[in-house]
Amino acid sequence: MTTLAPEPLTAASNPPTQPLESNLLPTDVRRISATAHVPPPTRQLTEVAKLIDVSKCIGCKACQSACIQWNDTHPAVEENVGIYENPHDLTPDMFTLMRFAEWENPETNELEWLIRKDGCMHCEDPGCLKSCPAPGAIVQYTNGVVDFISDNCIGCGYCVKGCPFDVPRIHKTAHVSKKCTLCSDRIAVGQGPACAKACPTQCITFGPKEEMKALAAERVEDLKERGYDNAGLYDPQGVGGTHVMYVLHHADKPSIYSGLPDDPRISPLVEAWKGPAKKLGLMAAGAAFLGSALHGIFAKPNEVSEHEEEEAEELYEDIVHEAPEAAEASGEAAR
Amino acid sequence: MTEKRVDSAPGDEIESEAPLRVFRYRGFTRANHWLTAGCMIVLLLSGAAFFHPSLFWLTGLFGGGQTTRWLHPLVGVLLFFSFMGLFLQMWRLNLPRREDVEWSLKIGDVLKGNEENLPELGKYNAGQKGVFWGMSGLIMVLIVSGVMIWEEYFPNLVSIPVRRAAVVVHALAALGSLFIFIAHVYAAIWTRGTISAMTRGTVTGGWAFRHHRKWFKELARRKRDEPSEGAAEANGAAVKPR
Ligand code: HEM
Ligand code: SF4
Ligand code: SF4
Ligand code: SF4
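These protein sequence lines map, in sequence, to chains A and B. Here the first sequence stands for residues 1132 to 1466, where the numbers follow the numbering used here. Here the second sequence stands for residues 150 to 391, where the numbers follow the numbering used here.
Calculated directly from the structure, the hints in this document are not laboratory data. Check the hints yourself; a few may be wrong.
Which bits of chain B does chain A cover? Going by a derived footprint, with three or more residues having C-beta under 8 Å, they are [as the list claims (entries may be wrong)]:
#	stretch
1	178-188
2	215-221
3	230-243
4	282-291
5	309-315
6	369-375
Pulled from the structure, derived: some chain B residues nowhere near chain A, Cβ distances all over 12 Å [what the hints assert, rightly or not]:
#	residue
7	Ala-158
8	Gly-160
9	Asp-249
10	Val-250
11	Val-352
12	Lys-366
Fair warning: this is a prediction, and the values are worked out from it, not measured in the lab. Even glycine gets a Cβ: it sits at the ideal position worked out from N, Cα and C.
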């Protein structure tokens, strides 16, 4: 019998050589899209996180290449429009993208080159999952990974509207939503994400979320010592925290990093659309349906009587046999 | 000379005298109506599947979630054009008239079926006009908001924040159109004798007399004034020597 793979503690370890069973089981799911009653998970996996230390990134894009290779995606070759970003945006075939921003620091008057690895943040409270109308198209495991299950996805694009980070992309031919999986298929066998594994500067690290936070705290302290007074961890609480976190040298201004949201949260419009009002609407629709059906069965119908049929014929005869002068007059009167 | 139409549409006429039947909708209008109704039912069912998880099973009626997602907006566009056809044929007689006020104020008598207390009406009463204009407005809202959230063909037509608003508006408008739809079908069934207007195209004289007497009178006068029909001969006085 093969044993379950261990929970991954780091992306740096090498894979074991013996075959291992997946450690991410169907019973490890704690949230399922469009599903109200998820059976309680039988165990709690260690919460994991990917930490991206922006201050260490050299923009080499090894992570992008590793991501393409591991996930076997085929991003199109695009034109060079004079910037380093390639492709120009996240696509259904590019789950992660290095974004390059030139920022002039008003305090030092120096130009800073801010490079951020964009991609799914694996929110604790995922707006994509909340929006999704298809049962089982999006799941969240107890380790925090948010995964899209393409077999259940209908390609409606609701997740695009739900995500506060503009991450999901709908595949043009497969008609399913795509994004970073946090390499759930690697995590399942005890491995860290491909991007973290490939990163030459260890800007990307992976492990239990608590350890990643501790590591981040060390890094923040180091940055502060080197003059970055506003260095800090980006683990936005508006979405309950994320399982992909950044160390930022300017944590007071996340948006300078190519529009990283300052205070991301699920839009109130999305909350309203998917909130209790929806149930109210459903109940109103049901009540209107039932009410009219019952009323239709039991209420007295509005019927034309025999007498009215006769009156109609009399009126018709009267009009048809009217003298022309009278007819003119009645014609005028009716107008 | 035949009287100018004020309360009737082209094609409306007294169809037969014994029994008295009145022609209300031409074949084209009826086909147009049923196409619109069919689209509407498909849209309500497929839309309901996206609206609430407890109704997602409705996608099974259309061959699964992917096909439902593909079909809904296409039928939406068909509905839009089909309804436009109805609109062009019906808008004029749905314009508000003086008698609509009195009819609306006497809504109690309407619901109790005491039509003898109500004013004489043209082809449509204020309730029917409400259905007409309500649907017209909501279908405009639905097509505009629907295109904005149409991922397959217009993925980036508007920004994501606008799409969020559009999807809420779309769901609210859909709910509104469901209520109007129910009211419309209910009224057609409750008011006995109405459905044949959209199936055979005709209603009985009594129905026209009871519910839309102004319309009925106009058609009767037009019948009298028709030069070649029996009515003219029967009405000897009307035939003047040239
Ligand atoms: C009377 C007509 C219509 C009704 C009753 C209707 C109803 C609905 C409902 C209830 C939803 C789900 C909203 C939610 O999830 O909260 C929906 C979604 C949607 N509707 Fe409509 N709708 C109508 C017309 C249209 C039209 C004219 C279009 C556009 C061209 C359209 C395009 C869409 C799209 C794109 C979606 C998102 C799901 C999908 O991709 O299929 N709808 N509709
Ligand atoms: S970043 Fe967007 S796609 Fe990723 S989990 Fe959060 S809401 Fe979902
Ligand atoms: S595109 Fe797929 S994952 Fe996104 S909301 Fe629709 S069904 Fe869910
Ligand atoms: S975790 Fe995996 S899927 Fe996500 S960006 Fe890294 S390599 Fe790509």
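* Asked: Quick check: which numbered hints come out false for this structure?
  -> 1, 3, 4, 11 and 12
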